[in-house]
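S.K.: First to last, the sequence lines map onto chains L and Y. If you use the numbering used here, the first sequence corresponds to residues 1 to 150, in order. If you use the numbering used here, the second sequence corresponds to residues 151 to 260, in order.
These aren't lab readings, by the way, just hints derived from the structure by calculation. Glycine is no exception: its CB is placed at the ideal position from the N, C-alpha and C atoms. Take these hints with a grain of salt, some might be off.
What the hints assert, rightly or not - If you anchor each label on the Cβ, the simulated ranges turn out as follows:
#1 Y:Arg186 / L:His48: 45 to 51 Å
#2 Y:Gly226 / L:Glu95: 54 to 60 Å
#3 Y:Gly226 / L:Val20: 34 to 40 Å
#4 L:Gln85 / Y:Asp195: 27 to 33 Å
#5 L:Val133 / Y:Ser187: 48 to 54 Å
#6 Y:Arg186 / L:Leu135: 22 to 28 Å
#7 L:His48 / Y:Asp241: 15 to 21 Å
#8 L:Ala60 / Y:Val176: 27 to 33 Å
Next come the chains, spelled out residue by residue.
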Amino acid sequence: MSQQRSASADVQPAGGSALVTEQGRTSIADSVVLKIAGVASREVNGVHAMGSGGARAFGAIRDKMPGSGGQSPSQGVTVEVGERQAAIDIDLVVEYGVSIPDVSQAVRRNVIQRVERMTGLEVTEVNLSVDDVYLGGDDEEEEPEPARVQ
Amino acid sequence: MPVDPDAVSAAALSCPEVAGLSGGLVGEVATYLPGRSVAGVRITDDEVEIHIVARWCANLPEVADAVRRAVKPVTGGLRVSVYVEDIEVPDEPGQSDVLAEQGAGSGARP
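Next up, chain L with everything else stripped away, as it sits in the complex (with noise of 0.2 Å):
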């Protein structure tokens, strides 16, 4: 389990001193570790989406509705989160053409750097599954059926 961690090497853990303090203890919500992955997944070029299929039907159905708000930042993202350290695991849909060992190490990389950063907690592993290939034009971009009165 501990091999995923060799992507980060370059990243300082932060340790989970800063969390607990002899004044009191700082705890981190799962929530807030998962809106962060979710955010820094995201960030990465050649990441099309996240979610695995079932959560992508959801969130599409979801983001039709008036006043949702857009897609939740944290769809396809689950996280355990500890006293001092948390596991990520992601679900992501690349675009055609990247490299995947390349993009998940970039995901990869910038999940544990913005976890460890931002909360303090020493990111254990970054668990990816890339569930699709994005090809282009199939969805989404849907072109509105023009008007048929004038």
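Once you've looked at the hints, dock chain Y against the given chain L.
M.R.: Using the frame of chain L, we list chain Y on its own:
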């Protein structure tokens, strides 16, 4: 009551990196008072819990330290536990770069 929950709430909210206090899923995290409650602050015999929603900023442990410093005068020496329950995500993904580059402590939104 030795610790005033309203003072704790006001002191925590005075930190620029704190977007708000979080009462939990159904508002169960609160100090219950006659006729009202103070959301996000729970006071026990030996500890004060503060549940916050943070702004998107560089470093959450530093935010927690800032909250701890801000509430210190009104908590009477009790241990202060800070729970970061949620974080506000910037609208544009690119914006997070700008905010993350800023030094901690200046992470407030423009």
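S.K.: Next step is simple, just say for each hint if it's right about the structure.
M.R.: Structure-based check of each hint:
For Y:Arg186 paired with L:His48, a C-beta distance near 48 Å keeps the hint of 45 to 51 Å intact. Checking the proposed 54 to 60 Å range against Y:Gly226 and L:Glu95 shows it holds: the Cβ atoms sit about 56 Å from each other. Checked against the hint of 34 to 40 Å, the pair Y:Gly226 and L:Val20 fails, with Cβ atoms roughly 22 Å apart. For L:Gln85 and Y:Asp195, the Cβ-Cβ distance of about 30 Å falls inside the hinted range of 27 to 33 Å, so the restraint holds.
For the pair L:Val133 and Y:Ser187, the beta carbons lie near 51 Å from each other, so the given range of 48 to 54 Å is met. Checked against the given bound of 22 to 28 Å, the beta carbons of Y:Arg186 and L:Leu135, roughly 57 Å apart, lie outside it. Roughly 20 Å separates the CB atoms of L:His48 and Y:Asp241, a value that falls within the hinted 15 to 21 Å. For the pair L:Ala60 and Y:Val176, the beta carbons lie near 29 Å from each other, so the given range of 27 to 33 Å is met.
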